[in-house]
Every structure is written in C-alpha cells, then in structure tokens.
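Engineer: Heads up: the protein sequence lines correspond to chains A and B, in order. Heads up: the first sequence begins at 1222 in the numbering used here, then just goes up one per residue. Heads up: the second sequence begins at 1222 in the numbering used here, then just goes up one per residue.
Simulated from the structure, these hints should not be mistaken for lab results. Keep in mind that a hint or two might mislead.
Stretch-level coverage of chain B by chain A, calculated; a stretch enters the list once three of its residues show a Cβ under 8 Å from a Cβ in chain A [what the hints assert, rightly or not]:
| hint | stretch |
| --- | --- |
| 1 | 1350-1359 |
| 2 | 1365-1378 |
| 3 | 1423-1432 |
| 4 | 1449-1459 |
| 5 | 1464-1473 |
| 6 | 1492-1498 |
Pulled a few chain A residues facing chain B out of the computed Cβ check, cut under 10 Å [said to hold, decoys possible]:
| hint | residue |
| --- | --- |
| 7 | Q1305 |
| 8 | P1308 |
| 9 | V1407 |
| 10 | L1414 |
| 11 | R1443 |
| 12 | D1458 |
| 13 | I1485 |
| 14 | T1498 |
| 15 | R1499 |
Derived DEER-like restraints, expressed as beta-carbon distance ranges [said to hold, decoys possible]:
| hint | chain 1 | residue 1 | chain 2 | residue 2 | range |
| --- | --- | --- | --- | --- | --- |
| 16 | A | G1427 | B | L1468 | 15 to 23 Å |
| 17 | A | G1511 | B | G1337 | 52 to 60 Å |
| 18 | B | A1516 | A | G1286 | 36 to 44 Å |
| 19 | B | G1472 | A | G1286 | 54 to 62 Å |
| 20 | B | F1479 | A | E1285 | 45 to 53 Å |
Model, not experiment: these values are computed from the prediction. Where is the CB? At the ideal position from N, CA and C, for every residue including glycine.
Chain residues, written in single-letter form:
Protein chains: 2
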Amino acid sequence: MAVMYDRVALIGLGLIASSMFWAMKRADLAGEVVGYARSEETRSTARRIGLCDRICDSAIEAVEGADLVILCVPVGAMDSVAAQIAPHLKSGAVVSDVGSVKRAVIDAIGPHIPEGVHFVPAHPLAGTEQSGPESGFAELFDNRWCLLTPNGADTFETAKLRKFWEALGSKVDEMEADHHDLVLAVTSHTPHLIAYTMVGVADDLGRVTDTEVVNFSAAGFRDFTRIAASDPTMWRDVFLNNKDATLEILGRFTEELFALQRAIRQGDGDHLHDYFTRTRAVRRGIIDAGQDTDAANFGRYPAKS
Amino acid sequence: MAVMYDRVALIGLGLIASSMFWAMKRADLAGEVVGYARSEETRSTARRIGLCDRICDSAIEAVEGADLVILCVPVGAMDSVAAQIAPHLKSGAVVSDVGSVKRAVIDAIGPHIPEGVHFVPAHPLAGTEQSGPESGFAELFDNRWCLLTPNGADTFETAKLRKFWEALGSKVDEMEADHHDLVLAVTSHTPHLIAYTMVGVADDLGRVTDTEVVNFSAAGFRDFTRIAASDPTMWRDVFLNNKDATLEILGRFTEELFALQRAIRQGDGDHLHDYFTRTRAVRRGIIDAGQDTDAANFGRYPAKS
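Let's have the full structure, built from the sequences with the hints guiding it.
Structural biologist: Structure, rendered in structure tokens:
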C-alpha cells in the first residue's frame, strides 16, 4: 500500500487511535504518525510501547503540519479540542473524528474548522470492551464497517478518506448524520444501556449474592457484562449526545418489553414462541453478512471433534 | 473414570442430552446409554451420528432397566413425559432432569415418581445458542456449574449424582429450588428476555432497514442476537414456568432503566458515569472466577502480537 497522508495526527490515544496506528503501520499508509493524549501517563505508556512515531506534549504541537488530524477523544471533549487546535491546522488539512455520535460531533467541531481546512466526520463500528493505549491492535477494523457522514464535505477528500479506511481494513458506507445516530441507537447505544442496566440490577439485588451472580453467569448474563465493561466516559458522552434517538428507541424497547411481560403474566405461550422464532432469523442474517462467527458461544468452547 | 451407572436413559436428544452423551463417553461413566426423542427425524439423526449406544422408538422402552433416567425435554413437556415413563421405571432407579426452572419441574415430575424410585432435580448452567442432536460436544460442561435442588431426595443418590456431574466436567452446588429460580431469573432468564426484546425492536423498526441492522451490528447488538437465537420452545417454557421470579426481576430492571433514562433526559452525566463504572467491576469478578475469557470481544479478534 502507498503512503496516503504524509503526516497523520492522532488526538487521544485509546483503543481506536492505537488500533488505527497499528493498522496504518501494517499497510504503510502514513509517512509519520504523531500522537497526543491529555494524560501524562498515557503519553509515557505510548512512548514505551512504540505507539506513534512521535508523541507530542500538546495537541497544538501534534497537529502542526499534519495532513490528516483525527480526533479520537470522547464525544464530550470534541468541542474543546477542536477549539484548541483550530488556529494551528495546516491549510488544506483534513480533520476527521471517530465519535460514536455524529450530529452532536458535527455541531461541536464544525464551527471551529477554519477556511481551507476540510472536515469529514467518520465512525468506525469497531471496538472491544477494553480501553486505553495498550488495548489496540491492527486487525480491529478488518471486515468491520466505517460510516462517513460527510455533511457537505469536499468530495475529493471524502473519497480519499474512504480509501484510507478501506486500507485500514474496513468496509465503508456514507450516511446522513441524523440517520447514523438513529441506526446506532438501535445497534449500539440502546443495547449498551440495557446491558449496563441488567448488570446494575444483578449487582444490586440483596437476595442474590455477588458470588452467585458471578459463578452462575454462564447462562446468558456474562455476555451482558462484557458490553457493560466498556469505557464509562465514552459511554456517558454517547448517551448525553445522542439523547433523542436513544430515548426514542428506549421507548420502543419498553413498549415491546411490556408486551412480552404481559404475555408471561397471562401465560400466552404462542406470543412468546412466535417472538423468539422471529428473532432467531436476525442472528442468521448477521452471520451470513460476515459480522459474527457462527461458532457456538462465539467460539469460547472447543468445537466438537 | 469408572462406570457409575450401568444403564443411563436420555429422554430428549437436544444440545444438553447430546453433550451429556459425549461427556459420558469421554469419561466412560455409563455401561450403556440409551436415548429417545419424540421426533422420528431426531432419532434417525442420532442413529446416523452415533449419538447414544442405542436409540429406542419409545420413552417407555428407553427407561426400562435404566439406573439413571435424565429428562432432557423442554420444561413444559416434563409432566407428560414423567407420567408416561413412571410405571416403567426400575425399582431403585434415579430420575433426574436438566430443566432451567426447578420449582415447576419438581411440581411436574415429583407426583409421578413411584415409591422406591429417587428423584434428584438438576440444572447444568451450560449451553450455546445452538440446539438439536448435532449441536452437542463433550466439553460443554467443563468448568461450568451444575446446580442440584434435591428437595428432600435420598442423600446417597444425591451425592452420587453430584459425582456424576463432576465427572462430566462440572462444578456442582446444591440449592433450594425457589432460590435457584430467583438466581436464574437474574443470571439467565431476564437477560434472555431483554435480548429477545431488543432484537425484536431492531427487526421491527421501519426507519432502520434490516440490512443496516445486520451490517452495523458489531457495535454491541450482535451479542444480543446470539442470546436471542436460542431455542424458542425451551425459552417459552422457561418464562411460563418461572413467571414470578422473572416478573420480579423485570420489575427491578425497568425501575433501574427508567432511572437511567431520566438521567439521560436530564443530562445527568455523573449518574451515568458512576453507574457504568460500577458495572465494569462485575465483569472483572466473572473473569477472575474463570467463568469467561478476558480476551477482547470473547477472543473473536486475533490478539495483538
């Protein structure tokens, strides 16, 4: 793969940024990758493990001369970071981000972007429950989707960023920002909130001990705990910044849940059976689309010989 | 391992029964294992793949002369199966089951058990989203818990069944039936209902296409679809037969969910952050207890080199 950007700046050095660095190196996509993180500890970890070609002690220093600047900070920090770096961006540079919410990020970053700089918002739909500079790996984006919400951005730079994400391993699609936020409320934000809630309930229930919850989690609950182990700051900001879509989907969710609850109370087995049969088909679609393994329990068990 | 029961009869030949067969063979725990399934198709599949030493065409034939009879049918079928086999049980035989609910199963099976036959209810907390006679494998129970709810059963036979489950690979604990049902409502039944609900909502939402849901599922939703792909009949019966505990935990769940929903609506970031930080610790406990992998995304990704 040829170098696509002479200098790339990563602002924020968590799971996504560190994975982007290793994926850029794998495909030789950048001349130099510079990085910055607010915490001194994160910066020294990055230096120790060789994350980025150069770690800067300020965001301003990191973006100077960069052709591509990617904001990899929690959604709630986008506004202040954009305000800080804006006067120091190189003319013709591209600013992008990896935020899980797009309308709020566009509203936060957009106004700070100076004339002659391009802003192309992006969201890679990839991650794990782990976080921090040591959690990244080059394969994170392989075969996963990255959604661009160009919002009127320059078409040449948008097309180039698309190629960049493809070279990182992703499949790329473009979407309108509000629709993105609704889709993600369904496929990500509401499931996370529900998982957090269920784990909180289990943790808080006096009549069932923590040891019981932990030991007997293999019957379904442990899958929820993986999701509910995700980064608290990132997720707080997601919910605060995708409020309307999340509340809408939550409303639909509780409506359906109450219908199933009523079926249980009334002993309506047909309703339950029909519902559970329909949801099984969705799983098949996800496996067929290559978005998950069909190995039992995600392959946690050895396969039958 | 020495033979523990000369003849074992498995009634119902799904994921659990077929895994028990392979695990019994692995440890040489039974002289002969006979099997029966209601469906002709399942019986011929079993014969084709060598599941069980002998497949019978009736439950009555299968239990005749058996020292251990294990009912591996959905909870809602326990009553009629028990009624059918009861007159044909060998004196001194042990009847057990693998139902996910224990109070209702005790009420369904208990009254049919003749004098001189022992009934020791059991529930192995193991499974995958797959079902049917071809889905089983010998390692399913390794390091997973099996809960016995003896309900006054003979202590010698209870201790022997405990050893049997340990020889299948399980860790074993004993519990009072009602407490079992509450614990499982938390660690299994309510999480399943919630996952089914969320997948149903996504499938049903006109403004987000099925293709979008499927393609963009990697952001959290796909974990729910795995759980929601479980056997519909089994799960219908679980909810119909653990009604009170499930409704109680659902009540607690919606209470918590509404509190988080309110925090989102009011922009209370501290409430959200505190909650998400607390739930992270539960995950750590499950990994430390050996009940899940700490590999990112359940190890679905290659590890960073």
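Engineer: Kindly indicate which numbered hints from before are broken by the structure, ordering the numbers from low to high.
Structural biologist: 7 and 8
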